[in-house]
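Protein chains: 2
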Amino acid sequence: MMSTHNTVKQEDEGTKHKLEDSPNGSVEKKPHFMAENNGKQKRQIIVPACAPKIHYTPLKTGLCYDVRMRYHAKIFTSYFEYIDPHPEDPRRIYRIYKILAENGLINDPTLSGEDDIGELMLKIPVREATVEELLQVHTKEHLDFIEMTSKMNREELLKETETGDSVYFNNDSYSAAKLPCGGAIEACKAVVEGRVKNALAVIRPPGHHAEPEMAGGFCLFSNVAVAAQNILKNYPESVRRIFILDWDIHHGNGTQKAFYNDDRVLYTSLHRFELGKYYPGTIHGQYDQTGEGKGEGFNCNITWPVGGVGDAEYMLAFEQIVMPMAREYRPDLVIISSGFDAADGDTIGQCHVSPSCYSHMTHMLKSLARGNLCVALEGGYNLDAIATSALSVAKVLIGEPPEELPDPSQNPKLEAIEMIDKVIHVQSKYWKCFRRLGNSGCNFKEPVTESLITKNFPLQKAIRQEQFHQLEKEYGFVTLPIPKLELPEDTVLCSPDVFQESTIIIIVHDTPEIWAKRDVITGMVDPSTSITVDSTLDFIKWSLARKYGVLDVNIPQSLFEQDNYSAMITSQEVLLYLWDNFVKYFPSLSKVAFVGVGDSYSGIVHLLGHRDTRSAVKAIINFVGRKQLKPLVPLVDESLGDWYFKNSLVFSDRNNPCWVDNENKKPRRKFGRVLRCDSDGINNNMEERFDEATDFILDSFEEWSDSE
Amino acid sequence: MMSTHNTVKQEDEGTKHKLEDSPNGSVEKKPHFMAENNGKQKRQIIVPACAPKIHYTPLKTGLCYDVRMRYHAKIFTSYFEYIDPHPEDPRRIYRIYKILAENGLINDPTLSGEDDIGELMLKIPVREATVEELLQVHTKEHLDFIEMTSKMNREELLKETETGDSVYFNNDSYSAAKLPCGGAIEACKAVVEGRVKNALAVIRPPGHHAEPEMAGGFCLFSNVAVAAQNILKNYPESVRRIFILDWDIHHGNGTQKAFYNDDRVLYTSLHRFELGKYYPGTIHGQYDQTGEGKGEGFNCNITWPVGGVGDAEYMLAFEQIVMPMAREYRPDLVIISSGFDAADGDTIGQCHVSPSCYSHMTHMLKSLARGNLCVALEGGYNLDAIATSALSVAKVLIGEPPEELPDPSQNPKLEAIEMIDKVIHVQSKYWKCFRRLGNSGCNFKEPVTESLITKNFPLQKAIRQEQFHQLEKEYGFVTLPIPKLELPEDTVLCSPDVFQESTIIIIVHDTPEIWAKRDVITGMVDPSTSITVDSTLDFIKWSLARKYGVLDVNIPQSLFEQDNYSAMITSQEVLLYLWDNFVKYFPSLSKVAFVGVGDSYSGIVHLLGHRDTRSAVKAIINFVGRKQLKPLVPLVDESLGDWYFKNSLVFSDRNNPCWVDNENKKPRRKFGRVLRCDSDGINNNMEERFDEATDFILDSFEEWSDSE
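Going line by line, the protein sequences match chains A and B. Heads up: the first sequence is residues 1 to 708, going by full-length UniProt numbering. Heads up: the second sequence is residues 1 to 708, going by full-length UniProt numbering.
Derived by calculation from the structure, the hints in this document are not laboratory data. Every value quoted in this text rests on a predicted model; they were computed, and no experiment measured them. Treat each hint with caution, since some may be false.
Where chains are identical, the list cannot tell them apart; a pair therefore holds if satisfied intra-copy or between any two copies.
Claimed, not checked - Once the Cα atoms are required to be at most 20 Å apart in a straight line, the calculated EDC-like pairs of lysine to aspartate or glutamate come out as:
| hint | residue 1 | residue 2 |
| --- | --- | --- |
| 1 | 646 | 691 |
| 2 | 484 | 344 |
| 3 | 429 | 678 |
| 4 | 517 | 288 |
Construct all of the structure, not just a fragment, from the sequences and the given hints.
Structure below.
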C-alpha cells in the first residue's frame, strides 16, 4: 500500500502546464494523491513523495546556574548589614532558580543545581572564564587587582570595598566573578553551536558596569562583553554581528565602552538618565553617544528622563526604535543584558515594568538572528520581582506565548515619547529605518546658525506681522514703541487711544501655534495647507466689544535657546518697561486685567511681584500649557502672594508636570489659583476655559449686568 | 537523601527579615539548599521545596486538511481552461499539505490526509458546517441558493458561474464549501478549548469575499466570519473579543460586513485599494470605513494605494498600526484570514511579501491573546508561493523563530508610508495608542472650513508678506497688479524698472516650505523655533547680481483642494495674464528664463504651449519635486515639444513617481529634459542643482565670460 502511494516528483512541478495533478479533482472524485499517477509520466524520477527535507528535533532552552556564584558576598561589618543586606545579594540567583523549579520549567526538587533538569531546559555547566578570555575585554591591571583581593585580609578587603565605586570584595570574589563570565560564554556558545535553541544565564555578580580597566556598580568583570568578544573571536564565520540589548534600568557603561569603537556589536540600552544624575551618572549614557570610529552609529542609548516608566514606554521604544534598528543590523546573535531593576517593585529602579512586558520584549527579540538569543542576568534587587520577571522571560524562551500586558491601553509618559523622538532623530543619521525626517518632531537638516536665519527667516516674524496687519486693518491697532529694548517694532500693539481708557486688558503671549499638514516623508510643513491658530484673538474681540482698551504683547522667542530662558527674561523686561513708562501714567486707568499665554506669562508674574499694581490690577488669567509654573516672588510686600492667589486663575494643560507626578496635591498658593484643564495643548485650553476666564474678569471688575 | 533535602517553605519568604537563606553564602560554603535548614524554623510548613505549580505539556499545532475540499472546481468549457486553470485551483490546499510533509512538520508520506501526523501537529478533523452555524452569518436565501447548485445541470451551473461575481459552481460546491467553514470552526474550537496551542486551517474555497447574502470573489461561505460568530456564541465567557487580521491582498468585504456593527470583532485588513479600482473595488474597502453603531472603531482598513508592496510595508504597518491597536483591543482569540496573494510571485496580487515576512507577522500575532491563534487560508494563486509562505507560517506556529527577512533595510514605498499615516490619523479617534496628534502628519482638530480660516489665518499669507517685505526692503521690489484675477496683491513682485530690462528671470513658485520643530505630543508646530526655507531667494540674488530683471510670482494654494488643481489653474491664468499684458510689451526684452518651483510650474508649461514665446524665452528650469510631471501640449506649433525638450531642465526629486516604477526608462520628451536629483525634497533639489541650473541659463543666454 505504502509503495504504490510513494509516487512521483515531476521536475516541472509548479509550472502552469503541469498535468500530473489535475485541477479538477471533482471530476474524478479520487483522493488527490492517486491523481498524481494519472497524468503524462514523462521525465519521472521515482522518489518517496514526501521524504522530509528537515527533521525538527525541538531543542531545549539552555540554563546556566551554579551555587558557587553565591560565594562573592559583602563582609558584614554590623548587625544592620545582616538584617538589611546589600541589594546585590547572593540569593538573587537562587530565587530565580527556585521559581523556575516551582513552575515546572526545570525538574530539581532539591534545588541543588542538578545536571539533569528535565525536558524543557538543558543545564549548561558553568566554569570560570580563563585569563585569556577575560583579557579580551579587561586590562591586565584590572585582572591583577581583582586577583589580589583573593589574598587580602579583612581590613584590606573592607578598604577596597570602601574606596571602590559601589563594589564589595571578599576572598572568593575573584573566583566567583570569573564564573558568571564563563557562564555567559558557555551559554552563548551553546546557542551559537545549536546545542540549545536559546539560553538563560542566571548569573551574578552582574557585569555591565565593569569597564575594561575598572570594577563598578556591583560588577567586577563585564560578563556580557567578555562573552561577546570571545564569541566574535571563536566563531568568526558564523557570528559577525552581535546585538546586545541592555534593559537593566542603569546604563551599561562597561559594555558600551568595550564596543564603543566596534561595529561588530550594536549596543542598545534603555535606562534612567535624568540629566546624568542617575547611576552611573556620566555623560556616556546620554542619548547622543552613538559610538566612535568604526563603531559610530553602533551605540544607542534610550534615556528615560524620569523614573516611573513601565510597560507602555518599553513597548513603544521596542516597536519604534529597538526592533526596526536591530532588524536592519541583522545580528547573528542577540544577548540581553537582563537586569530586572526596571521591574515593578524594585526600590532602586522605581519603575513599573511588568513580568508580562519582559515576556513581550523577549518574544520580540526572539524574532531576530533566527532565534539565537542568550539572556544574561544583570541587576535587579527585589527578590520577588526578579524571580517573577525571570520566570516570564524563561517561559517565552521555552516557547510559551507572552502573557497579556496588565494594561495595554496605558499611555506612555510624555517625557518618554519626547525622548524616543529625540533618539530616532539622532539615530536617523545611521539607520535607514529612521531616515525619514517625517519620523521625528524636528526636520532641521542642519543646526540653527545666524547665517541660516539670514538666508531664510524665522516664522514667528511673519506671523506677528500678519497679526499686526489684521489688528491694524480691522481695529486700528498701532505699534507702541519700546525703544530701549532691542525688539521688533511690532512687539507691543495697542488699540486706538488706549492711554485714555479706564479699563484695559493686557494680553501677553508667545507666537501662536500652527495647525499643520506636514509631509510624512520629509517632515516639511506645507504652509499652503497650514493655519495659525490664535486664540488670543478671542480675548481681543471680547475686550473691544466691551469697550476696553487692549495692549497686545507678543514676546519673540529665541531660535537658539532650548529652554526659552531668554523669552522669559524678555517678557519680564517688556512688562516692567510697559508698566513703568506707560500704563501707570494712563490718566483715567482704574481697572486692569492681564491675560498671559505660554512662556510669556512669566513677565506678568514678575511684574506683580516687583511693583505694587494692586490699585489697578483686578484679575490675572494665565494659560501655561505644559510649561513649568512660575511662583510670584513678593518683593514689594509679603501679602502679595495671597493677593495673587485670590485674583488669579492659572489654567494648566491636563498634562502639566505639576499634576502628573502628584495627582491629588494642589500646587502651592504662590503659583496662583492653578486649575487643570481637561484638554491637551494651550489653544485647546484657551477654548475650553474662555468663558470661565472672561467671567472671572467681569466678576473682578464687578461689571455683571442683568443681561448676562 | 531526597527527603532530607525536601525542606521547608517559610511563609515570610521574600521579606527582608527572612533568615533561612543567609545572604552570605560565602561564609558557610555550603550548597544553598542546605543553608535553608539552618535559620530559625518558626512557623514551618513541611512541603516539598519545589512542587511545580504548573506542568508544561507542550501542545501541538492543530492542522485542518481534507481532500474533499478539492471537489468544488470549475467545470471546463474549453481545452484552454484545462491547461490554464482557474486560479482558485483545488491543488492549492494539496500543495500546502505536501510542503508541510516534505519539511517534516507532518508525517504523512503518502499525502493521503492521515489522522496521525506526528509529534508537531495534530490533525483536526474537518466536517461540514451545519445550516444553523452558517445562518449565524449568512441569510437563508443565500444558503438556499448555494444548496440549489448541487442539483443544477451543467447548463444551469455554467449560467450561474457566468452571472456571479467571480465565482464558479459544480454539483459538489455546496458540500465542499461547507467543509472549510466547518474546518475553520473546528480549528478555532481546538485553540479555544486548549487542545492545541494554535492552528492552521488549510482550507478552500476561501471565504472572506462571501457576504452574508452573496457569494463573490471565489468565495461561497464566509469561513472565518462563520467561525468567529459561532465561537462568540458558544464560548461567551472565554471568548469575548476576536481580532481578525486579513492579510489577503484583497479586501475581505464579506468578513467586514459580517461584523461592521459589532464590537466583539476587530476586523483589520491590509489590501490593495487603488482608489477602489482593485477587486472587490467598492468603497467599503477604503481606509475611512471604521465600522458603524456598536462596531464604530472596530474596523480598520490599511489600503495600499499602489501594487508592488512587500516586507517593508507590512512590517511597518504591523509595528505602527496592527500590533499597538490589537494589544489595546485585548482579544481572546486571533484569526488570520491568511490569503497568500500578497506573496512574491503571485501574478494576481503583484506584491512581494516574502515567506519570512509572513513568519514575522505570525510571530508578532502570536504575542496576542495568550497565543490563541488560528490561521485560515484565503486566497493566493501561485502554487509555489502559497506553499512556501504557508510553510513559513506553520514553522512559527509550531514554535520555530521567524526566518530572517531577505532585505530588512529596504525602505517602504512612500505611498505606503503616507497611507499608514492616514490610517493612524483616522483610527486615532478610537484607539488611545494613536491618540497623540504628533503621531500623524496632520494635526488638524477639525475640518478646514471658511469660518475656521476667518478666525485664524492661512500661514502662506503671512509668509508671502514677509517675502515681500524683505524684497522690498533689500532690493526695492514692488507689486505688479493683476487686477482681473482675484488674488492677493503681493502675488507678483518685480525688481525696480523691470519693464526696461533686456534680460529677465521669471520665478514662479509655491509658498516655500518650513523647517519646523513640532510637539510630538500635540503635533503643534512652534513658530518660534521654525524657519521658512526659501531657495528661490538664491535665484533672485543671482539674477540681480547679473543685473537681470526679476519677476517673482507666488501662486497661492487652496486650503480646500486636496489635489492642488486650483493652484495649477491659478498658475496658468497668472502666467498667461503676465505674458499677454506685460512681458510681451517690454520694449527692450530679448532674453527670458523661467524658473518654476512645485505645482506652480504647470503655469510655465501651459504658457509655453499656448503662446509662441520662442523669440524671447531661452531657458526653462523647473523643480517639480515629487509632483506629477506636466507635458507640454503644443497648441501653437508641433515643433514646440522638441523646442521645450532642448531648452529645459526639469529637476525631479529622486522619489518622483516617474522614476520609482520605471527605474531605467526616461520620461518622454514632451515632459522636457527630466533629470533625477539625488536628494529628497524640493529645497534640497534646488540646492543640489543650483549651479547646474544657472549654468544652463547662462549657456542659453550665451553669456559665459572668461572669468567663469
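A quick look at each hint next to the structure:
1. In this assembly of identical chains, the alpha carbons of residue 646 and residue 691 lie at most 20 Å apart only when taken from the same copy (18 Å versus 65 Å across copies).
2. Taking identical chains as interchangeable, the C-alpha atoms of residue 484 and residue 344 are never at most 20 Å apart, the minima being 56 Å within one chain and 70 Å between chains.
3. In the homo-oligomer, the alpha carbons of residue 429 and residue 678 lie at most 20 Å apart only across protomers (17 Å), although the nearest pairing inside one protomer, at 38 Å, exceeds that limit.
4. With identical chains, the CA atoms of residue 517 and residue 288 are at most 20 Å apart between copies only, with a shortest distance of 18 Å across copies and 29 Å within one.
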